[in-house]
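Engineer: So you can see what is in the structure, the chains are spelled out below.
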Amino acid sequence: MSLLSVRDLTVKFAMRDQTVTALNGISFDLAKGERLGIVGESGAGKSITGFSLMNLLSRPGYIDSGKIEFEGEDVVKMSDKRLRDLRGNRMAMIFQDPMVTLNPVLTIGQQMIETLMAHRKLSREEARQIAIVKLREVYIPSPEERLEQYPHELSGGMRQRIIIAIALLLDPQLIIADEPTTALDVTIQADIMELLLELCQSNQVGLILITHDLGVVSQMTERTLVMYAGRIIEQGRTREIINDPQHPYTQGLINALPQQTVPGQRLKQIPGNMPGLASIPTGCAFHPRCKYATDLCRSQIPEVVQYGDLKVACHEVQRLQADEDRQEVRA
Amino acid sequence: MSETVIPNDRPSRWSRMWNSNMGYSFRRNPVAVVSMIVFLMIAFAAFLAPVIAPYDPYDPANIDIMNSEYPPIWVDGALPEFMLGTDDQGRDLWSTILYGTRLSLLIGICAVALQAFLGISIGLIAGYVGGRLDSLLMRLADIQLSFSTLMVAIIFLAVTQAMFGSDTFNRYAVVFLIAVIGVAEWPQYARTVRATVLAEKKKEYVDSARVLGFGPLRIMVRHILPNSLSPIFVISTVQVANAIISEASLSFLGLGMPPSQPSLGSLISSGFDYIFSGSWWITAIPGVVLVVLVLVINLLGDWMRDVLNPKLYKG
Chain A
3 MSLLSVRDLT
13 VKFAMRDQTV
23 TALNGISFDL
33 AKGERLGIVG
43 ESGAGKSITG
53 FSLMNLLSRP
63 GYIDSGKIEF
73 EGEDVVKMSD
83 KRLRDLRGNR
93 MAMIFQDPMV
103 TLNPVLTIGQ
113 QMIETLMAHR
123 KLSREEARQI
133 AIVKLREVYI
143 PSPEERLEQY
153 PHELSGGMRQ
163 RIIIAIALLL
173 DPQLIIADEP
183 TTALDVTIQA
193 DIMELLLELC
203 QSNQVGLILI
213 THDLGVVSQM
223 TERTLVMYAG
233 RIIEQGRTRE
243 IINDPQHPYT
253 QGLINALPQQ
263 TVPGQRLKQI
273 PGNMPGLASI
283 PTGCAFHPRC
293 KYATDLCRSQ
303 IPEVVQYGDL
313 KVACHEVQRL
323 QADEDRQEVR
333 A
Chain B
17 MSETVIPNDR
27 PSRWSRMWNS
37 NMGYSFRRNP
47 VAVVSMIVFL
57 MIAFAAFLAP
67 VIAPYDPYDP
77 ANIDIMNSEY
87 PPIWVDGALP
97 EFMLGTDDQG
107 RDLWSTILYG
117 TRLSLLIGIC
127 AVALQAFLGI
137 SIGLIAGYVG
147 GRLDSLLMRL
157 ADIQLSFSTL
167 MVAIIFLAVT
177 QAMFGSDTFN
187 RYAVVFLIAV
197 IGVAEWPQYA
207 RTVRATVLAE
217 KKKEYVDSAR
227 VLGFGPLRIM
237 VRHILPNSLS
247 PIFVISTVQV
257 ANAIISEASL
267 SFLGLGMPPS
277 QPSLGSLISS
287 GFDYIFSGSW
297 WITAIPGVVL
307 VVLVLVINLL
317 GDWMRDVLNP
327 KLYKG
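Protein chains in written order, with my numbering: chain A, 3 to 333; chain B, 17 to 331.
With the rest of the complex left out, here is chain A:
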């Protein structure tokens, strides 16, 4: 049985003069201990997906329809009390900027002990011992002294380790990491990712990694979703998506990587910008930026089709693939 199963999730935002759709019929599954990457440009709906999974959307956002089954229970219909038990305890979340995620006026120890005591019947001393063990697990040197320190006394990398330790405090089944290394410098990014991977593998914890870094996705995850304007346009095994993407948008993303370009050449970026949620084009939302777009793309929203190991939402997949094959034959 899968750990998490999302079906036709639609999230809307009630704005002053209209209601915009931020997520449109998202469906995916996550097995126990599986690592899933969600990629896409800013505004594609990645973070909103993360927040919806915990039912944490705040006004004006709301879940319009769909099901989010976590361990067989629908998160959308949970009572507040069940939700509080779910959050932190069974599902944890790591945010982008470690500089602002910790409460600046509480010591690390206070924050960790409070979290433990809020969810379990533990004495202060027992909670402290668990906190120390968890800090050791994320390779924090001399954890006893860190417990007495305030967040501003620690470096960014150290803080992100502590945030990971807090996320792991209650041994959750699933960690949602929303761009966990974007605010850190490059050398520390690799450390943190390695740590996260190691912890997820050794504890059999599921991971949803939200990022726009395809390199990170390829190292960290087994499966990948590609999102565009609130829809999943391609999903499948990470290796296939990176090596042989089918959707023109995913192809564009991968071609835009600096590694794909000879030094001195211009980067092959996808022309144009992602549309705002209020002005999503008709048909396939990507058509104004797509060089293969046809009249069909402009008028009709593409269905998700199974293509090889990938699920792709594009009218032109088959034709494109055929063209590609022909070119290969010619070469």
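Keep in mind the hints are simulated off the structure, nothing from the lab. Note that beta-carbon positions come from the ideal geometry of N, C-alpha and C, so glycine has one too. Be aware that one or more of the hints could be misleading.
[Said to hold, decoys possible] Part of the chain B face toward chain A, derived, beta carbon under 7 Å:
{"#": "1", "residue": "A61"}
{"#": "2", "residue": "Y71"}
{"#": "3", "residue": "D72"}
{"#": "4", "residue": "Y74"}
{"#": "5", "residue": "S224"}
{"#": "6", "residue": "R226"}
{"#": "7", "residue": "V227"}
{"#": "8", "residue": "L228"}
{"#": "9", "residue": "H239"}
{"#": "10", "residue": "P242"}
{"#": "11", "residue": "S246"}
[To be verified] Computed far set for chain B versus chain A, every beta-carbon distance over 10 Å:
{"#": "12", "residue": "R29"}
{"#": "13", "residue": "V49"}
{"#": "14", "residue": "I79"}
{"#": "15", "residue": "I81"}
{"#": "16", "residue": "L122"}
{"#": "17", "residue": "I141"}
{"#": "18", "residue": "V175"}
{"#": "19", "residue": "V190"}
{"#": "20", "residue": "F192"}
{"#": "21", "residue": "Y221"}
{"#": "22", "residue": "F230"}
{"#": "23", "residue": "W296"}
Go by the hints and put chain B onto chain A.
Structural biologist: Quick look at chain B alone, frame taken from chain A:
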């Protein structure tokens, strides 16, 4: 990864406070230092009044009407045992001022504590919950603010005085004053706290607290409130000064402390009747004490606002 050794002797709370940004700016600001010294002197003298004061002004046995209206010692015709002279009933003015200042400070601080309790609770709830409840509470605050504090207090105190009679009223005057000044000014706190909460609520540590499954009450009290303290400190100083003035005004109007237990305000008021007969000191000296007290509290508040307001601080 190598184990780094951190020295275990973390500085004491006091030395951390002294060396903090606030401690530094305090030492660099002579106005703040002088104000603090003056305030502490007044506060100590007031709260140690029973020890310092040579006479007990509340004890009728101590008072001799024959001693009334002696001038302070630097004026001709003074008695050496009455340093600041005596009032119209023959009480030693110095002792009476000490006791009166104690009352004024007590009422000021307790009234502000009540204001803070009401205002912070309402502000936190309004800011955190938002929506209809927020609008409702803030409109209540607006309505409350559209009556002047003094007007509300005068009506309330006059009615209670008439209801309970002078004797009962005089016995519980302190409580009534604290209650009325406390209730009349809560919107000041509620508005400030609400504004800060609205800003703090959007920060990620609040999201992460929600992600960890904390309930709204815990998030409000333990996470948002400690992060909203600096504006609360600033308005608290100003509000203490305001409350002292309100109390003095009410007492001056005869709606506050009775002449048998005078606060600074009622002392000024009782001396006012004699100002034209030459006994200026009964009004002037408590007046000076009141002005100095309110001034130093306001100066301290100004300094604190400068330090705690990051916009001024960086500019």
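Engineer: Each of the hints needs a verdict: does it hold here or not?
Structural biologist: Hint-by-hint comparison with the structure:
1. A61: violated (35 Å)
2. Y71: It is violated, given that the least Cβ distance between Y71 of chain B and chain A is near 48 Å, above 7 Å.
3. D72: Result: violated, 46 Å to nearest chain A Cβ.
4. Y74: Since chain A brings no Cβ nearer than about 44 Å to Y74 of chain B, farther than 7 Å, the hint is violated.
5. S224: holds (5 Å)
6. R226: holds (6 Å)
7. V227: holds (4 Å)
8. L228: holds (4 Å)
9. H239: Where the cut-off is 7 Å and the nearest Cβ of chain A is about 5 Å from H239 of chain B, the hint holds.
10. P242: Check passed: Cβ of P242 of chain B comes within 4 Å of chain A, closer than 7 Å.
11. S246: The hint is violated - S246 of chain B has no Cβ within 7 Å of chain A, the shortest such distance being about 11 Å.
12. R29: holds (13 Å)
13. V49: holds (27 Å)
14. I79: holds (53 Å)
15. I81: At about 58 Å from chain A, I81 of chain B clears the 10 Å cut-off, so the statement holds.
16. L122: Per Cβ check, L122 of chain B is outside 10 Å of chain A; nearest 30 Å; holds.
17. I141: Given that every Cβ of chain A is farther than 10 Å from that of I141 of chain B, nearest at about 16 Å, it holds.
18. V175: V175 of chain B clear of chain A: closest Cβ-Cβ about 44 Å, beyond 10 Å.
19. V190: holds (35 Å)
20. F192: Nearest chain A Cβ is 37 Å from F192 of chain B, so the label holds.
21. Y221: violated (5 Å)
22. F230: violated (6 Å)
23. W296: holds (51 Å)
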